[in-house]
Each structure stands twice: as structure tokens, then as C-alpha cells.
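Asks: From just these sequences and the hints, can you work out the full model?
Going line by line, the protein sequences match chains A and B. Following this note's numbering, the numbering of the first sequence begins with 8 at its first residue and continues without gaps. Following this note's numbering, the numbering of the second sequence begins with 900 at its first residue and continues without gaps.
Derived by calculation from the structure, the hints in this document are not laboratory data. A couple of the hints might just be wrong.
[As the list claims (entries may be wrong)] Cβ-to-Cβ under 8 Å is the rule here; a few derived chain A residues that face chain B: (1) 48; (2) 52; (3) 111.
The C-beta atom is built at its ideal place from N, Cα and C for all residues, glycine as well.
Spelled out from the first residue to the last, the chains are:
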Amino acid sequence: DAGVTQSPTHLIKTRGQHVTLRCSPISGHKSVSWYQQVLGQGPQFIFQYYEKEERGRGNFPDRFSARQFPNYSSELNVNALLLGDSALYLCASSTTGQSVETQYFGPGTRLLVL
Amino acid sequence: GQQVMQIPQYQHVQEGEDFTTYCNSSTTLSNIQWYKQRPGGHPVFLIQLVKSGEVKKQKRLTFQFGEAKKNSSLHITATQTTDVGTYFCAGRPQTSGGYNKLIFGAGTRLAVHP
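Replies: Structure representation (C-alpha cells):
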């Protein structure tokens, strides 16, 4: 079975630009969460979506937004990029997003903002 | 805010020595997960602990969840070079509203010298 997939794998942008990252969950999983992992730190929770609705949001500015599609794939959008947005962006999927479920992470998208 | 502290930040061991990393949460957790991330990779799920005082073993790895559900540890017996990587604990606060928000520690980077 295919795991969580993310695209692109790497991305280079300049300050002020906009970026869209994509995630496809494991087949049968209906919940997707997004995390940001800055070099040398643990992942930080950004959003969780279930059945196309936002179920949770971390402490990130409004420049960060996301959505989930009917096929349960998801997009993370970041506007007005800052140098500090350079990070590994991880997507994780789970069956329904309930707190007892295991999340499975994708390989991530490495974003570099110059 | 809710935090998960993890120590040590780095650990260098000789192959065959034991290794332990500790996590402590500022709030009570509903459960805690452990992940391993190899350099350049993404977090890979190892185990989830749910019950107070729970102990689980996976071959040379022993995981414990504290009685108060605020701390946890991972112990590796007789380390091997394949154990190299960063080990993260990730706690799910009881007050997370039931959704799948994980709060990650900063990780412990393990180096094993042959």
C-alpha cells in the first residue's frame, strides 16, 4: 500500500512569494494534519483537517492556510513568504483524526526561502 | 502554552552501550507517541503509549509512560549503528479537544560510534 505522498519534494522561493504544498493521505484515511519542522527542532502542529473541515489550528499566522478536498487530499498555502518559513513541511494522515489514532507522516516538502 | 521538553539534546555512545531519552510534558497527556527520524528523512512512528504506567518493548527498545501521564522515556539496550537518528516524543494533550494535535519534543540526536 502506498504511504502518505507529498509534492513537491523540494522547493526554492524568494521572500514575499506564495507557495502551495500538496499531500495525499494513505488510502482510507480521511484526516490530514500539517506540521512545520525547522532544522534542528521537532515538528510544530499547523492544521488538522477531517472531512474537508478544519478541526484544529496551531500557533501560526494567517499567512498559513489549508484546505482538504473531497478525495481527502490536502493543500497547504503560505502567503508572503519570510526567510523563517524555510523548513520541512510534513503531512500526516490518520483514519478519522481522533486523538487515539496513530498518525503516519509523509516524506515532507523541503522549502527554502531566499 | 503546552510544551514537551526532551533531554538530552545529543547523546554519543559506543556501539553496545545503552541509551535513554526522557520527555516531560507541562500538561497531562492523553497519550504519547515516539518517532525516529533518520538524517534527511521524515519521522517514522515507533509506538504509542496510552495507559498510566504503561511499559512496552520492541526488541531492544523499552518505552515507559509515567504514572501521572506527564513523562515518558525510551531506553535502547546495546545500541547498534542502525540506531543512529533523532528520537522524538510527541504528546497529545488531554485538553486538545479530541483532535489529533501532537506536541513534539525537540528530539534527542543519537550518534553511535562503532
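Asks: Report holds or violated for the interface hint on residue 48 of chain A, using the least CB-CB distance to chain B and a cut-off of 8 Å.
Replies: With a minimum Cβ separation of about 6 Å from chain B (threshold 8 Å), the hint on residue 48 of chain A holds.
Asks: Under the criterion of a CB-CB separation shorter than 8 Å, is residue 111 of chain A in contact with chain B as hinted?
Replies: Check passed: Cβ of residue 111 of chain A comes within 6 Å of chain B, closer than 8 Å.
Asks: Given residue 52 of chain A as an interface hint, is its Cβ closer than 8 Å to any Cβ of chain B?
Replies: Because about 5 Å separates residue 52 of chain A from the closest Cβ in chain B, which is inside the 8 Å limit, the hint holds.
Of the hints listed earlier, there is not a single one the structure fails to meet.
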